[in-house]
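Go by the hints and put chain P onto chain Z.
Next come the chains, spelled out residue by residue.
There are 2 protein chains.
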Amino acid sequence: MVEVAVMGYGVVGTGVVQVLAQHAEGLSHRAHEGIHIKYILVRHDYPEPPMMGTFTRSFEQILNDPEIRIVVEVMGGLDPAYNYVRRCLAAGKSVVTSNKELVAAKGADLLQVAKDHNVNFLFEASVGGGIPIIRPMSQCLAANIVIGIAGILNGTTNYILTKMFQEGVSFQDALADAQRLGYAERDPSADIEGTDACRKICILTSLAYGKHVYPEQVHTEGITHITLADVEYAQKWGGVVKLIAEARRTDSGKVDVVVCPMFISGESQLANVDDVFNGIMVRGDITGDIVFYGKGAGKMPTASAVVADVIDCVKHLKARKYLYWADGSPDYVADYRETARQFFVRAHAQDTDAAYEQAVALFPGASRLYRKEADAKELAFVTSQIPEKDFDTALQHLKAVGVTIDNKIRIGDM
Amino acid sequence: MVEVAVMGYGVVGTGVVQVLAQHAEGLSHRAHEGIHIKYILVRHDYPEPPMMGTFTRSFEQILNDPEIRIVVEVMGGLDPAYNYVRRCLAAGKSVVTSNKELVAAKGADLLQVAKDHNVNFLFEASVGGGIPIIRPMSQCLAANIVIGIAGILNGTTNYILTKMFQEGVSFQDALADAQRLGYAERDPSADIEGTDACRKICILTSLAYGKHVYPEQVHTEGITHITLADVEYAQKWGGVVKLIAEARRTDSGKVDVVVCPMFISGESQLANVDDVFNGIMVRGDITGDIVFYGKGAGKMPTASAVVADVIDCVKHLKARKYLYWADGSPDYVADYRETARQFFVRAHAQDTDAAYEQAVALFPGASRLYRKEADAKELAFVTSQIPEKDFDTALQHLKAVGVTIDNKIRIGDM
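Protein chains in written order, with full-length UniProt numbering: chain Z, 1 to 414; chain P, 1 to 414.
The following block holds chain Z by itself, in its conformation from the complex:
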């Protein structure tokens, strides 16, 4: 029997306890050993009958109990999660977490502590909820060099953008709808500002290239400035707007990582990833594109990923699984403004034909887009591929001749 402690008893924590209880027999069979929850760390007392005896408010009790071999951290946040997890690892206990904020901010450090103490630190649930992605990336793609990763990693924003695209609902109404359905929190900023997707792409990029990328190194834009006009132009262009998190290796050995809304072609395998679903495309030098698709969040899918890691820990109590990346460095992430892309521009001007002539002069090869509801002053076009800093400079020139820029959206090539 392997004794486990669960730290945190919120949405994911109750799910983890439930999965472990419901599937006890099958799980023991798979893990080749019984799994028993000895403690559940809570802030207050929970007098819930089936688990009554297991609640504790003392982290020290968990830390100092030599019977505890595996600790599940589902508290969220950095404080006290970071301190607790680090001390558990240093005490020779394996840790499983769903805490993407923790892994994105402290992954390299915690992996090093785990390595030093020959224990496991696993976090499959931190990206993609119940979609297996960490393990396939670290193991199955072992024989590939990862050329790039592109993903729709946040279900809330994908729900909102899908609603805008399919039903012509405004951003605000779609957000309200997501909140009503429980897909978005009362304070939705971590989702709609891109922070959540940013943490996830940091984890995937760190894993793919073996060196930590920190969230503050990643240029991150949310979807709050996306309007129905943009969505309609995306459709006219032959695609959709998605919040994309992407990473790729540059020729100079850096990584180019951004999180932002992008136009993507209707032909892309990510174009049909709708509603609260997530899709993650990994481009390997040998395998080509592999896409993982499924519900990226939710109490039970996340809990099932946590429990799968617990089972893996039980199987690897003696032989540590190899999962590791080194610490990052300030100059490791490339300047996103050096990257050449196509861009979509929505603007307005007194004389749109004249403005478009200026635009074509500044952006050779640009092509104009039209939509029915546009007023006479609206101008929209997509550019050819151009480094973002040159694009921004040219955009300034366009402003200088009296064109007001309403939005610019990057065009993805995945």
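In short, the hints are calculated from the structure, not lab data.
It is possible that some hints are incorrect.
For chains that are exact copies, the list does not tell them apart, and a pair is met inside one copy or across any two.
[Unchecked claim] DSSO-like cross-link-like pairs, simulated, lysine-lysine; straight-line CA separation at most 30 Å: (1) Lys-389 / Lys-254; (2) Lys-377 / Lys-299; (3) Lys-377 / Lys-389; (4) Lys-318 / Lys-115; (5) Lys-236 / Lys-408; (6) Lys-408 / Lys-115; (7) Lys-211 / Lys-372; (8) Lys-318 / Lys-211; (9) Lys-211 / Lys-254.
Below, chain P alone, put in the same frame as chain Z:
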């Protein structure tokens, strides 16, 4: 340094040697130990310079060399692969294979031998080429009960069906095209008769439910009888025709497994899996639907999956990975004719309106489909859900009143 033998030097074998050579440094880093190819088992001598010293025609040399810890079997077929693999496992060597015929026919036996001798028998490359599916299914879904699996598991037939659908090319022409491009073999029967997809769903089902399903237990139909008329009706109905391999658990504890062309809705995540791509949907009780998508075949993707397994073996030379299923039994696979489904029927009759009236009497809730090019005698309809044996009985009644049945195609619900 871990010494490895590669048995077979055909398409996949040369790919494996190439990946191991090209990525030597990165692989050693990931495996934490160098990997060295000591032997390549061939039928004839290959005087190719870089690998010259490693060729051997003697299996016994490999078997009796205690330095060889891992054997890669990429010969294909059952004879002599089964004998060789079994003896290697019994000699305490781990085996990695891409041979789906071997795993589908002898998996339970070989997994038992591996277990008895505390070595690994891994076969990620046997299903889905470079798409990671065996490992995610066995590990990440450990905390799920698999409700069902549905997949497009054969790239050749998917290429043909895509070509028919998108370009209106006949089956024969699309097949010829696939052969010209090297997607189909000169003898394409294993692909177009469904045998290849059948082997793969046997492997996935055995893994998902822990008990071996043998290919001869699975009702298997290929795509040779699919015409452009069927493809056009699928489109009118709102979907596509795909060669689907599906498995699910029945209430009585059996498994229901079939391989056959199906109409699937355009809304399905499998509907957009086109060309030589594979898509595999796994429905978990907790995670919901998870889809894996990528190129399902090809020399290098398959080789990369083999090499990933080799690396995993190197990491697990001491602790065996848990991958196991028990032997099957004759009554384990349910009679597919008991399963209730919707069906598509294409027929012809002198008086199609009268025939359709008869059809509706026999299949309450049937709805008729039309297409432009149909001649006056053509009749097509889809039925409501009905057990297949009742459907077949009713179809006999329809024949008895003078209706000629040209095709029946199952309708999938994935």
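_Copy assignment of Lys-377 with Lys-389, given that the CA separation must stay at most 30 Å_ = within (27 Å within a copy, 65 Å between copies)
*asked:* Cα distance capped at 30 Å. Does Lys-236 pair with Lys-408 within a copy, between copies, both, or neither?
replied: within (16 Å within a copy, 39 Å between copies)
*For Lys-377 vs Lys-299, is the C-alpha pair at or below 30 Å within one copy, between two copies, both, or neither?*
neither (47 Å within a copy, 55 Å between copies)
_My question is about Lys-318 and Lys-211: at a cut-off of 30 Å on alpha-carbon distance, are they close within one copy, between copies, both, or neither?_
Result: close both inside a copy and across copies, 26 Å intra and 28 Å inter.
*Since the copies are identical, ignore which copy is meant and state whether Lys-389 and Lys-254 lie within 30 Å (CA to CA) inside a copy, between copies, both or neither.*
within (18 Å within a copy, 62 Å between copies)
*asked:* For Lys-408 and Lys-115, with the copy left unspecified, which applies at a CA distance of at most 30 Å: within, between, both, or neither?
replied: neither (45 Å within a copy, 59 Å between copies)
*Should Lys-318 paired with Lys-115 be assigned to within, between, both, or neither, using CA atoms and 30 Å as the limit?*
both (13 Å within a copy, 18 Å between copies)
*30 Å Cα cut-off: does Lys-211 pair with Lys-372 within a copy, between copies, both or neither?*
Result: close neither inside a copy nor across copies, 48 Å intra and 59 Å inter.
*Is it within, between, both, or neither for Lys-211 and Lys-254, if the alpha carbons may be no more than 30 Å apart?*
within (10 Å within a copy, 47 Å between copies)
Hints 2, 6, 7 from the list above are not met by this structure, while the remaining hints are.
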